[in-house]
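Protein chains: 2
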Amino acid sequence: MPSHNRLLCLGSRPDGPLQTGDLVITDAPLPDLATGEVLVRNTWLSIDPSIRIRLGSTTPNGYLPPFEPGEPLVGLAIGVVERSENSDFAPGDIVSHMYGYRDYAVIGTDGSTIGGYGGLTSLDPEDLPLQWFLGPLGSSGLTAYAGLIAVADLQPGDTVWVSAAAGAVGSIAAQLAKQRGAVVIGSAGSAEKVDYLERTLGLDAAFDYHAGPITELLERAAPGGIDVYFDSVGSDHLAAALDNMRPGGRVAMCGALADYDNTTPSPGPSNLFQLVSKGVRIEGYRAGSFNHLAADMRSEIAGYLRDGRMKYSELVFHGLDEAPSALTAMLRGDNTGKTLCRLGE
Amino acid sequence: MPSHNRLLCLGSRPDGPLQTGDLVITDAPLPDLATGEVLVRNTWLSIDPSIRIRLGSTTPNGYLPPFEPGEPLVGLAIGVVERSENSDFAPGDIVSHMYGYRDYAVIGTDGSTIGGYGGLTSLDPEDLPLQWFLGPLGSSGLTAYAGLIAVADLQPGDTVWVSAAAGAVGSIAAQLAKQRGAVVIGSAGSAEKVDYLERTLGLDAAFDYHAGPITELLERAAPGGIDVYFDSVGSDHLAAALDNMRPGGRVAMCGALADYDNTTPSPGPSNLFQLVSKGVRIEGYRAGSFNHLAADMRSEIAGYLRDGRMKYSELVFHGLDEAPSALTAMLRGDNTGKTLCRLGE
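First to last, the protein sequences are chains A and B.
For the first sequence, the positions run 1 to 345 when the UniProt record's numbering is used.
For the second sequence, the positions run 1 to 345 when the UniProt record's numbering is used.
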């Protein structure tokens, strides 16, 4: 059993956008396993924007508490069981869990109590790439699937706008909506990404949100209005969605990228009265509340990926030393698709 | 048949709060009835806050267009058929319709095309006061009923906050929630109204929203948080609701009183991310989309009113000449319960 571990910790709170120097890697001894515990060697780390929320000094009401300086980060990860004092797990088992951002995770029987997308879970990847279970077949896929199907009640023929559509969640949401018979508009933050949305993902329309007032860009892309907005951005994006919403429209809100770097949250849309005038609803959610849909999600999305009807991109960093760069790159929007950090091998 | 009519018209657009001088009464001849038309002598006018929205130079996307200076106002009314060229209506019939703010209404077969709460409809008041069909058994009642039951999915044991709870809609919503087994907190804009909410309506708690930061006032009134917010105010009230919302909470939004006087809409709540962190939804609606619930609503609320379990107050003005004062008083919040204008007799 290895005696030594490395963990990525918050060094100092970011002031504005996260810098790699805000994070530090600390060494720590690996304790012996107690009864019920499992030692996992992490092989893949999921690099997700929501972690930014917990790097500030306060988190929104209802959310997990902030990380304290010096505290190890946590996040979704995949690894291999190296040792086990738990009869449910044996060495060699492939598992997913919430103790990422470290080389090894010692996971107790309370592993499942960490919030969000489940605790220690055995994986059977069959013929599929293991890291997909952090992306389109994992938390990213479930966020897209639950938001469209369960929250927004997507119907064939709906016109759907997906913001951050070149990202890990957005790219799956946009393609899933297409497969479900919707007309799909995607937006992203660069011409390259717009090109990706149009050519690689085959969306019906796409725009760069820097190219003008978002309300006008969206109106040009969807002249008849939209029925569903898949929102991971908030702020001016949400306001534009309401302006272009058809009566009876639905917003599935899974994040607020526009606000994660702000110490003081920016004001909300000034056009919320359109919820009344058009009978529109905004519903927030977290994927972790929809684990009962995970099997259906995996079955449907794995099918699309296997036969090539759904594309999936990855930006992969290597080794825990690169995890800070992975985080800052993802938060800057350098990625197309999922950002991952590969450990070992 | 009378040859002469009087109509309340927009004189000049209000700059800030509505003044009686912004409205003018104009005389007009009454035309002969064409085939299909009905002449109604109005007896009760419903004085509702939503009319303020159409007095500005623009209305929100999806809403009815602004009134133009010189244009007669419209609004819910009850009257008696005086003459009819329509086989569905006979002289003496009691009807409700959308052509209020005038002594007589000439209603064509397209009367039902005016948006909102239905067109020309026969009423059978039985033993109940006629004007209740503009209030607790009419549009106000349906707004309360649809918002709580259909939109917010009210459950027994829910803790519910009703803003503007001394008003026409809020007072019914608050009492209906009580009857349905909820714990109900009401807020209003004066100590007298708070007293009314506590003593007359028997709510579990009440506060004057001027008495401090609304988030703190609400937290004191509902220390365990709220499950449902019945919103006719928006703005700082909505932000306070989100701060105090329990996971899975619902907001039924039927209006935005805080904003009706503003030329430029105020920013929305800066804490919308709590929709995500707590899995909360905000749903806007108009009563007119829930006419299929009107019979159930009338049956349930008439029962409560008959046996005294629901209280109902009215502020009544007399004659079309007083309609401008009725409007300004209601918009200032002088009323407790429903504001009405009685014509004739």
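Each hint should be verified, as a subset may be incorrect.
[To be verified] Short, incomplete list of chain A residues facing chain B, as computed with Cβ under 8 Å: (1) 81; (2) 234; (3) 253; (4) 266; (5) 270; (6) 272; (7) 333.
Source of the hints: derived by calculation from the structure; they are not laboratory data.
Don't be surprised by glycine CBs; every beta carbon is placed ideally from N, CA and C.
Status of each hint after checking the structure:
| no. | hint | in the structure |
| --- | --- | --- |
| 1 | 81 | violated, 32 Å |
| 2 | 234 | holds, 6 Å |
| 3 | 253 | holds, 5 Å |
| 4 | 266 | holds, 6 Å |
| 5 | 270 | holds, 4 Å |
| 6 | 272 | holds, 5 Å |
| 7 | 333 | violated, 19 Å |
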